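Trainee: Order-wise, the sequence lines are chains A and B.
Mind the numbering: the first sequence is residues 1 to 418 in this note's numbering, read in order.
Mind the numbering: the second sequence is residues 1001 to 1226 in this note's numbering, read in order.
There's no promise every hint is true.
Take a look, some chain B residues computed to stay more than 10 Å from chain A by CB distance [to be verified]:
| id | residue |
| --- | --- |
| 1 | Leu-1014 |
| 2 | Thr-1026 |
| 3 | Thr-1068 |
| 4 | Arg-1082 |
| 5 | Arg-1083 |
| 6 | His-1112 |
| 7 | Gly-1130 |
| 8 | Asn-1156 |
In silico BS3-like pairs for lysine-lysine, Cα to Cα no more than 25 Å straight-line [said to hold, decoys possible]:
| id | chain 1 | residue 1 | chain 2 | residue 2 |
| --- | --- | --- | --- | --- |
| 9 | B | Lys-1134 | A | Lys-408 |
| 10 | A | Lys-336 | B | Lys-1072 |
| 11 | B | Lys-1072 | A | Lys-337 |
| 12 | B | Lys-1134 | A | Lys-12 |
| 13 | B | Lys-1134 | A | Lys-14 |
| 14 | B | Lys-1060 | A | Lys-408 |
| 15 | B | Lys-1072 | A | Lys-408 |
| 16 | B | Lys-1134 | A | Lys-323 |
Keep in mind the hints are simulated off the structure, nothing from the lab.
It should be emphasised that the depicted structure is a prediction, and the values quoted were computed from it without experimental measurement.
C-beta atoms are modelled at their ideal positions from N, C-alpha and C, and glycine is treated no differently.
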Amino acid sequence: MFLRILRKSLSKRKSRIAIAVISVIMGAAIATALLSVSLDVSEKVGYEFRKYGANLIVVPKSDTIEVGFPGVDFGSVTEQRYINESDLWKIKTIFWRNNVLGFAPILYQVVSVGENQYEQNVVLAGTYFNKDVEIIEPYSLDDPSIFNTGIQKISPWWKVNGNWIEDQNDTTSSMVGIKVAEKLNLEIGNIFTIKYYENYEGLINETIYNLTVKGIIETDGNEDNQIFVNLQVAQDLTSRMDKVHLIQVSALCNACPVDTFAEEIEGKIPYAEARTVKQLVNAEMNILGKIEDMMFLVTIVALLASALGVMTTMTTSVIERQKEIGLMKSVGAEDKKIAFLFLSEASIIGAIGGLVGYIVGTVLAQFIGLSVFDTSITPRVEIIPIALGISVGIALLASSLPVRRATKVEPAIVLRGE
Amino acid sequence: MTKEIIRLTNLTKLYDKDTRPINNVTVSMIKGAWTSIMGPSGSGKTTLLNLIGCLDSPTKGTIHINGTEITKLNRDQLTRFRRENIGLIFQQYHLVPYLTALENVLMAQYYHSIVDESEAIDALKRVGLGHRLKHVPAHLSGGEQQRVCIARALINEPEILLADEPTGNLDQKNGEVVLKLIKKLREEGHTIILVTHNPDIGRLGDRLIELIDGKISSDTAINIKM
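Construct the complete structure from the given sequences, taking the supplied hints into account.
Mentor: Right under this line is the structure:
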């Protein structure tokens, strides 16, 4: 009988119930959308940040080298130490390996470019552009055994005139910083010669390499003064096989503290030290925090608006149904039964609003994802119980005052004969 | 042998300092009798009925029904007492508009105990509405609505029936049908307290109490069963 009363009472007041349900849908939709975006946004914003370069730099312990990386000063060289290229795969075997978006080793060497009096010293940087690194001992059996990485992956924001070096075995191509290109009048397709002088027990040994300009790089940073080649070229030139000076690592740190990341890498390559690019990480965390705060506030406001909508509807409903309430009481309904009837109505309003709100919110999240982050937001089934819980909770909370009013109805007054 | 079922002692209801709808009323009513309460508008008839029906509480005095001092009961206890002992018949029927005749009766049963549709159908048949079970109030005449109201009052087999101007909104023909029903209920042993403006209806009972300004101005035995 209770269900019959409930069903008929709801269907009798469809338009009023619809207003309450729409209020809940709006609140639940905004909550769902922002929660979905919030769960994805850290990752999305992380990816956005990763476009601006590495946020971790791995160097040999106690090593300092006078070459730059945006925002990081390495000081002067005291003792030349290296990281073994053959250890690079280990970075992809840490616990947070899936958050390692890419890495690029760098081996620097000052070389001479030009002839006679026009000879100039330039920093040559050997690196990976597009390299398949074999993960010798994956962390898990499910992990892929090959990881494609390189400078192109961790610095997609570089402006490149011409092309990237795509072939990892290409030993004749180079990518030249724009300032180097201007000084040496180099254009795409030009061939130029680099010389490396090695002082070996008083004897100067000269090694020469001819390189073709495949692309000209513009970063507004130190890279503009450097020549980039495949790592293998720099190692051959300087006879430092398997050696690199540093590794730039691009790590996505929305779920993990970047310091943990650094510690883990140090655990895998004990003779190396991982440093975080603090400014970048702090800015990232700061922005993420602000976005989440804003979303939280918007959600609260939306839910308050929903609650207000439900409260207005329920209050009107109680006022309109005073005689009905008085009658129920006169035939024996105690206050708790009256409260139960109205709270059941509120729960149904909340549940319908929550479910529809989840669907609308998921669509809204896609819209936000595509328009703001240029990617879709993964629909999350785990949000359904949260959306339902919030909606029913809000509906019940918003109904508490009207229900209290319903229980205070005096049958003797509302059923008066006149 | 008469048995007292209701006893009001020094009963007073104050709405404010100057408004005393019931002023120091002391009266007893016997089981199985039809007591009519009459009086001009504002004399306190409905207030007295509400007090006996546990819908209102007195400011002073006591009410005993079936040996229970109901003035000592709290809100929920009063509700439970009412549903066990009292059936209410209203001048304006007060049916739930979105429920059918049958469902209106079932609702009273639901709030009392367990829903038994056959009992509710019987109650409606008893008031001559066996053919109107599935009709909503808007599709019933005033007399039919009042009969649904009576069936609803009867469904839980209360000992006492309180009727407030039960024919007040009905034409003569429908009014007679309802009064006939009430007479029948009195013959079946229900204690009936009926508030009316109409002296002809008032005299149909066993006893006629007249109220003026919240006090009993006359108390006439018409046909008291001894």
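Trainee: Next step is simple, just say for each hint if it's right about the structure.
Mentor: Quick rundown of the hints versus the structure:
1. Leu-1014: 15 Å, holds
2. Thr-1026: 22 Å, holds
3. Thr-1068: B:Thr-1068 clear of chain A: closest Cβ-Cβ about 16 Å, beyond 10 Å.
4. Arg-1082: Check fails; 6 Å does not lie beyond 10 Å.
5. Arg-1083: 3 Å, violated
6. His-1112: 5 Å, violated
7. Gly-1130: 20 Å, holds
8. Asn-1156: 8 Å, violated
9. B:Lys-1134 with A:Lys-408: Violated, because 32 Å separates the two Cα atoms, which is more than 25 Å.
10. A:Lys-336 with B:Lys-1072: Cα-Cα ~21 Å, so holds.
11. B:Lys-1072 with A:Lys-337: 22 Å, holds
12. B:Lys-1134 with A:Lys-12: Measuring from Cα to Cα gives roughly 16 Å; hence the hint holds.
13. B:Lys-1134 with A:Lys-14: 21 Å, holds
14. B:Lys-1060 with A:Lys-408: OK: B:Lys-1060 and A:Lys-408 at ~22 Å, within 25 Å.
15. B:Lys-1072 with A:Lys-408: 19 Å, holds
16. B:Lys-1134 with A:Lys-323: 22 Å, holds
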